[in-house]
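A.B. asks: Residue numbers (this note's numbering), protein chains in the order written: chain A, 789 to 1155; chain B, 789 to 1155; chain C, 789 to 1155; chain D, 789 to 1155.
A portion of the hints provided could be inaccurate.
Pairs count within a copy or across copies, as identical chains cannot be separated in the list.
[Claimed, not checked] Here are the simulated DSS-like cross-link-like pairs (lysine-lysine), alpha carbons at most 25 Å apart as the crow flies:
no. : residue 1 : residue 2
1   : K1107     : K938
2   : K793      : K874
3   : K1107     : K874
4   : K938      : K814
5   : K874      : K814
6   : K896      : K1011
7   : K896      : K838
8   : K897      : K1107
9   : K896      : K938
10  : K874      : K938
11  : K1028     : K838
12  : K897      : K1011
13  : K1004     : K1028
14  : K897      : K874
15  : K814      : K793
16  : K897      : K838
Rather than coming from a laboratory, the hints here were simulated on the basis of the structure.
Number of protein chains: 4
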Amino acid sequence: MATSKAAVLTAFNAPLESRDLPLPDKLEPGAALVRTEMAGICGTDVHLWKGQLPITLPVIMGHETVGRIAQLGDGLERDWTGQPLKLGDRVTWNSAISCGQCFYCAEKKQPTRCPQRRAYGIGYRCDQPPHLLGGYAEFHYLRPRTTIFKLPDDLPTESVIGAGCGLLTAIHGIERTGIAWHDNVVVQGAGPVGIAALACAKSAGVAQVIVIGGPKHRLEMAKRFGADHVINIDDVREPKARLEAVRQLTGGYGADVVLECVGIPNAVVEGMELCRDGGKYLVLGHYCDAGPVMWNPHVITRKQLQVFGSWSSEPRHLKQALEFLRANRQAFPFHEMVSHRFTLDRANEALAMTANWQAAKSVFVPA
Amino acid sequence: MATSKAAVLTAFNAPLESRDLPLPDKLEPGAALVRTEMAGICGTDVHLWKGQLPITLPVIMGHETVGRIAQLGDGLERDWTGQPLKLGDRVTWNSAISCGQCFYCAEKKQPTRCPQRRAYGIGYRCDQPPHLLGGYAEFHYLRPRTTIFKLPDDLPTESVIGAGCGLLTAIHGIERTGIAWHDNVVVQGAGPVGIAALACAKSAGVAQVIVIGGPKHRLEMAKRFGADHVINIDDVREPKARLEAVRQLTGGYGADVVLECVGIPNAVVEGMELCRDGGKYLVLGHYCDAGPVMWNPHVITRKQLQVFGSWSSEPRHLKQALEFLRANRQAFPFHEMVSHRFTLDRANEALAMTANWQAAKSVFVPA
Amino acid sequence: MATSKAAVLTAFNAPLESRDLPLPDKLEPGAALVRTEMAGICGTDVHLWKGQLPITLPVIMGHETVGRIAQLGDGLERDWTGQPLKLGDRVTWNSAISCGQCFYCAEKKQPTRCPQRRAYGIGYRCDQPPHLLGGYAEFHYLRPRTTIFKLPDDLPTESVIGAGCGLLTAIHGIERTGIAWHDNVVVQGAGPVGIAALACAKSAGVAQVIVIGGPKHRLEMAKRFGADHVINIDDVREPKARLEAVRQLTGGYGADVVLECVGIPNAVVEGMELCRDGGKYLVLGHYCDAGPVMWNPHVITRKQLQVFGSWSSEPRHLKQALEFLRANRQAFPFHEMVSHRFTLDRANEALAMTANWQAAKSVFVPA
Amino acid sequence: MATSKAAVLTAFNAPLESRDLPLPDKLEPGAALVRTEMAGICGTDVHLWKGQLPITLPVIMGHETVGRIAQLGDGLERDWTGQPLKLGDRVTWNSAISCGQCFYCAEKKQPTRCPQRRAYGIGYRCDQPPHLLGGYAEFHYLRPRTTIFKLPDDLPTESVIGAGCGLLTAIHGIERTGIAWHDNVVVQGAGPVGIAALACAKSAGVAQVIVIGGPKHRLEMAKRFGADHVINIDDVREPKARLEAVRQLTGGYGADVVLECVGIPNAVVEGMELCRDGGKYLVLGHYCDAGPVMWNPHVITRKQLQVFGSWSSEPRHLKQALEFLRANRQAFPFHEMVSHRFTLDRANEALAMTANWQAAKSVFVPA
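Just chain A, same shape as in the assembly:
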């Protein structure tokens, strides 16, 4: 029986285990088998590894993946945009599939909250067929109805993985928030989501983007991506001083839009104050539950705020992301984010590097 090597999360906070898992005998109609070319390690994977999300083990992590089609199930002939698919095509895909029929999908048009939704690399056990439902493996099984995108030749794999799910998350969140042309924008956080939010905002014709974060090497990356101002939280340590700095850069009023890309509850408390009155606030970094914080809801009324949340992303956001990456490699060099490459047998080393914020972006190159 043919098998695929995989790095498997079998217990929280324990080393990943190397496993050989069976390749499927036969694909379901509409499914595909893909040979992994590159799989990104996302900050969420660290949270998963630490047991901070309610998942059932064992799991092959990895929800940011590019691969080449090794096998096509019956009836799978085109990608999501209508491009024909054939063996050897380089593709990527959305990590989760919504059902399209339920209350949230069909009636309320909030498909990211579809209760049937499960994400590759997060929501599937690998001890049951078809086993290979995560990126940390030689092969990846794509279930029927997976929204697949064929990658154009002039879009490097590094761009797609360097941007990762952070870019999709940012696109969705900013779409929900509605940044207006020539808004003054603050991004809280300079990690992958923050950098992606910066890139989206800059490309949308805002007046300026101020990035608040650290450490220094990330803020340098932020400048590379066009940040008009950066505020290093290691230098400007007090929220009050950061508020003062933002006000000085915004005519004394605060930002029209503040994008939270941190994931620390205190950032939300600080961030709402960074908005001008009548401004907008996006809580984008709280995919994981990082616990409660002391917060005064009076700020919402007093400043007449609008606050938005955004969960995951939809297929069209991936389509937009790929177009965006292709058109803007000069201005927004996401491919340069891929800083460290690992084979699957060095999985624990790779994960540790992401956990310690040492790498811009670590990836697996299985072959």
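With chain A fixed as given, assemble chains B, C and D onto it according to the hints.
C.D. replies: Coordinates of chains B, C and D only, in the frame set by chain A:
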């Protein structure tokens, strides 16, 4: 020198003092002098009296007032809607005036956040001319640019004061939130703002309104105003049980829109959970700062919420309120809210009754 | 072989023919067979009969239908809202099904423009199995993925058919347009769509609805449905005079929102002038192509208008319609619209009556 | 008595006359006198000259002007953004002032439709004091409440005049239309408004902009400003062929947003077809009435369009324009649009050059 009797707040938490304050010799151009016919006592007045808002004393409270024009300044010939004004006309007005020129008024169109804005009955000292800038007095001075509305004969003063600033607040907040036709709506709170929010929502064609609050006599009023369901917090004491009740009434999902009209921080924590995923939450009851609360911002992301704040109201909301009151006396009997009438010399008794939630609505009838 | 009687459109402008068409041997999984209880005759059917829409004959017309479940295909266990389905249940359904996967369905969220969409009673030939895909027949076949709604016992069939597709059309169009609370609204047209638009607007808390149309008996129906003012085009014959009348009723400005429910191109030219500057205009009545008209696009710029179009409706609009009908039988007596009942063998008489505007609403009661 | 030279429109279609008009003795409080540094000649001026707008003569045309402050009225101390003003400052201003108090300004927030609004260079006679209310003159009088903007030193006068009112118009129109990130955009027209619309769209992160227009030199300018594709109407002469070309560039669907910047009614008919279903159309070029056209309103329903109009612009659009010009001189070289300079005594020559579309932009440099 002619004088006007007034009940004056001279020290926080102390009895109001009766004063005789001078009437103006001559009106500024565009100003008016009005003889108070009825002045409402708002819950905010209790907060002011307790020193919970940063105001400078002495102050004549009262920001919900109907009066008759006693004197018109030069050039004041029409009300805000273009109706001619003459002596004896019964009028009401917005409690605050925005400048129309500043960053918030002219550029961002958030005039309720105009920094020059001061409210009658809250933001003016009465030891300086023109003294009479609050409702708890025989006469009220209307500064130039006050947005005055002549009342039609078939709209009783009781309707206007019974609805009070709560209705304006609700109209503005709901406008910002955007309730959709056939939404499922929860109103947290059955005080004046909650009842007004209920009325606005019901009149907007929602599927149902569930009111959560107490005590019982207020919930009976809510039923009178068309509440489809009421949940008495004295009976259903646990937030979890209330969440369960709301879910049962909304197909298991939670409400499309939840309107917070309570002013207690914990209500906000509870209320966000009452929303369905992708739902909307309005923080409307937090005009006063009631302090912080433990809150988990993850809820915003996880449920993909939209949260709105709303501060005070604009002149067009008063216009809408008056039209609404006139057209819907049957369905929404705001005039019946006026439950207790006081002369000015019983000011402390009146205030105490509002503080103790004994009255639906207490008012002053100075003459 | 079991058969169903049907009235079939075999040639444009010719009498419908009575046919006996085969009932299916076996249902596809997810399909259903329904015994028709009542089928509405829509104005669109007259256009179809006249050959004004590009359809392929022969066709069983009828896209507004209520029936009882006679047979359930494998796997069809619940209606669109999750209610269990069983034999004998009284149901209705959307006349068209979108694919859920295409550019318009999945990427642009405009499912009514899905190219795979075909409507019962319009887009299916009846000389091919499963034949029975229109309302003018004893039985109706519901294809898999048809969005079925079980009717509650307290919602009469007459309400559903009396409202017909006009109500769905109006709900969708008004949703797209966004009527605001206390807007001044004009409805052009007092046919089924106009009456439905009036009902929706009234229920949404507008300041007033002015209906322009005729003949007299329709305007009386409009008053019954709450029209604040009606303008009879037989009495006020000049567009200029109607403009004057609308201005007088709207403070001299024109309406905030004008809803076109006529289907005559000249109405669009007139209607845009009826809007106030910065107002909204909905072109709702032009499902059929009624040809061009002389029109000056300067009006869009000069009046700074927003103009909206709306095509057909989505499943959630039918859900809302059924809730609305159930909750508002008193205020909006759609059941009274059903004025004439016919058996299938009197199909031509029935169609003629609708064509001549003699009936409020004619229906078939096959049994 | 001190005088200012001016080129005056005294009769339609006749040569402008040179006049010496009196400078004001004394400024009103809040007014200013400015020495004209550069005045743009807008296409609208040609329409005015031809008598195609309802104005009263004699008029000093010119509504795109930069000057230096020669005199400041009492109380005029700051520009619209709060910068201090002093003699010699280089400034520009909005050509029209809204009242801030009327139905359109205060209630409906559509200040560009304020009935008291009159535009410099269009709506003021020059045979009455203060005479100098247009740009084609040595001096320009700025009435009280004119929204003045001090120009930063690094923003050349040529940028401001090169962009002219076209940029303000485009910013307002696009704001109303709401272009989304990664939309496919078509601009109809490559004149000043079209180029400005292109620049705004490109800066807003759209997927692509296709410009349809001519002649060739304008399309080359469009490429300079970042047009992804240009379609020359002299080469592709049939609307059907242009529709085909746009569809090929947009995956077969048509554009998400089409911006009409032409002013010819037929362009509107063509443009609506260029939209994808559910797309948006902006009628921006029809400031002047160019007469009616045969048009079929069915297109609005069938394609489920949204159509927007936009009239003139507000002060905040000028603020945004100045920031935009300053930040994007490289990408969008509006200063290069200024192609021909004239002194006031060559006014007729200058106007003829604009009328004949020979110049990108002609300007007056009075001194």
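A.B. asks: At most 25 Å between CA atoms: does that hold for K1028 and K838 within a copy, between copies, both, or neither?
C.D. replies: neither (33 Å within a copy, 29 Å between copies)
A.B. asks: As a check of your reading, is K874 near K814 (CA-CA no more than 25 Å) within one copy, between copies, both or neither?
C.D. replies: within (17 Å within a copy, 37 Å between copies)
A.B. asks: Checking an output row: K896 and K1011, CA cutoff 25 Å. Within, between, both or neither?
C.D. replies: neither (39 Å within a copy, 29 Å between copies)
A.B. asks: Check K793 against K874 for me: Cα-Cα at most 25 Å, and say if that holds within a copy, between copies, both or neither.
C.D. replies: within (24 Å within a copy, 49 Å between copies)
A.B. asks: One pair to classify: K1107 and K938, alpha carbons no more than 25 Å apart. Within, between, both, or neither?
C.D. replies: For K1107 and K938, only the intra-copy Cα distance (10 Å) is at most 25 Å; the inter-copy one is 38 Å.
A.B. asks: Pop the pair K896 and K938 into one bin, within, between, both or neither, using alpha-carbon distances up to 25 Å.
C.D. replies: between (29 Å within a copy, 20 Å between copies)
A.B. asks: I want to check one pair: K814 and K793. Are their C-alpha atoms no more than 25 Å apart within a copy, between two copies, both, or neither?
C.D. replies: within (18 Å within a copy, 47 Å between copies)
A.B. asks: Please work out whether the CA atoms of K938 and K814 approach to 25 Å or closer within one copy, between two copies, in both situations, or in neither?
C.D. replies: Answer is within; shortest intra-copy Cα gap is 22 Å, inter-copy 40 Å.
A.B. asks: Using 25 Å as the alpha carbon limit, work out where K874 and K938 are close: within a copy, between copies, both or neither.
C.D. replies: Result: close within a single copy only, 10 Å intra versus 44 Å inter.
A.B. asks: With 25 Å as the alpha-carbon cut-off, assign the pair K897 and K1011 to within, between, both or neither.
C.D. replies: The answer is neither: 36 Å in one copy and 32 Å across copies each exceed 25 Å.
A.B. asks: At most 25 Å between C-alpha atoms: does K897 with K838 qualify within a copy, between copies, both, or neither?
C.D. replies: Result: close neither inside a copy nor across copies, 33 Å intra and 38 Å inter.
A.B. asks: Regarding K1004 and K1028, is the shortest C-alpha distance of 25 Å or less found within a copy, between copies, in both, or in neither?
C.D. replies: within (21 Å within a copy, 45 Å between copies)
Of the numbered hints given earlier, the model fails hints 6, 7, 11, 12, 14, 16; all others are met.
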